[in-house]
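Participant: Produce the complete structure using the sequences and hints provided.
Residue 215 in this note's numbering sits at position 37 of the sequence shown; the count goes up by one each step and never skips.
The reader is advised that the hints may include incorrect statements.
[As the list claims (entries may be wrong)] In the DSSO-like style, the derived pairs of lysine-lysine whose C-alpha atoms are separated by at most 27 Å in a straight line are:
1. Lys242 to Lys208
2. Lys265 to Lys242
3. Lys208 to Lys233
4. Lys219 to Lys240
5. Lys208 to Lys226
6. Lys233 to Lys181
7. Lys226 to Lys241
8. Lys242 to Lys226
9. Lys246 to Lys233
10. Lys240 to Lys265
11. Lys226 to Lys240
12. Lys208 to Lys241
13. Lys242 to Lys181
14. Lys181 to Lys226
15. Lys181 to Lys241
16. Lys265 to Lys208
17. Lys219 to Lys241
18. Lys242 to Lys219
19. Lys208 to Lys246
20. Lys246 to Lys226
21. Lys265 to Lys181
22. Lys219 to Lys233
23. Lys240 to Lys208
24. Lys181 to Lys246
25. Lys208 to Lys181
Hints in this document: simulated from the structure, not taken from any laboratory.
Since the structure is predicted, the reported quantities are computational estimates derived from the model, not experimental observations.
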Amino acid sequence: MSKLTQNDIEWLIDMVQRGELTADQANVEKVRMARVQVVSKLSSQVRKALNAAVKTGYLAHKKKEERKPEVYYHPDFEHMANEERNKHELEIISALAGIVARPYENILGGN
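Facilitator: Spelled out as structure tokens, the structure:
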């Protein structure tokens, strides 16, 4: 996932403080600037702003599916959204495999 730079964050904060962007617009712009935002929890106000941007086509959205997380993303970067979701799923599978494998290693004499 693309991380925002400190400069990007400061620009968004400055735009909100100057009244050129609302907090909702800043949240939408943050997702567009980062290209992909993996979501676990959102306030209802932020979710409403992002969903409104999805309805207009300014953002895109993929719902949570099994182990793949929910993501909001810039419509031109669906491939990055898919990569992030797949990466997250592999991390979960790897973590689960580590938990399941440890008792068997101890029984077989492994460390």
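Participant: None of the hints should be skipped; say for each whether it holds.
Facilitator: Here's how the hints hold up against the structure:
no.: 1; hint: Lys242 to Lys208; result: 20 Å, holds
no.: 2; hint: Lys265 to Lys242; result: 14 Å, holds
no.: 3; hint: Lys208 to Lys233; result: 17 Å, holds
no.: 4; hint: Lys219 to Lys240; result: 14 Å, holds
no.: 5; hint: Lys208 to Lys226; result: 15 Å, holds
no.: 6; hint: Lys233 to Lys181; result: 25 Å, holds
no.: 7; hint: Lys226 to Lys241; result: 15 Å, holds
no.: 8; hint: Lys242 to Lys226; result: 17 Å, holds
no.: 9; hint: Lys246 to Lys233; result: 22 Å, holds
no.: 10; hint: Lys240 to Lys265; result: 15 Å, holds
no.: 11; hint: Lys226 to Lys240; result: 15 Å, holds
no.: 12; hint: Lys208 to Lys241; result: 19 Å, holds
no.: 13; hint: Lys242 to Lys181; result: 21 Å, holds
no.: 14; hint: Lys181 to Lys226; result: 23 Å, holds
no.: 15; hint: Lys181 to Lys241; result: 21 Å, holds
no.: 16; hint: Lys265 to Lys208; result: 21 Å, holds
no.: 17; hint: Lys219 to Lys241; result: 13 Å, holds
no.: 18; hint: Lys242 to Lys219; result: 12 Å, holds
no.: 19; hint: Lys208 to Lys246; result: 22 Å, holds
no.: 20; hint: Lys246 to Lys226; result: 22 Å, holds
no.: 21; hint: Lys265 to Lys181; result: 16 Å, holds
no.: 22; hint: Lys219 to Lys233; result: 20 Å, holds
no.: 23; hint: Lys240 to Lys208; result: 17 Å, holds
no.: 24; hint: Lys181 to Lys246; result: 20 Å, holds
no.: 25; hint: Lys208 to Lys181; result: 10 Å, holds
No hint from the list above goes unmet by this structure.
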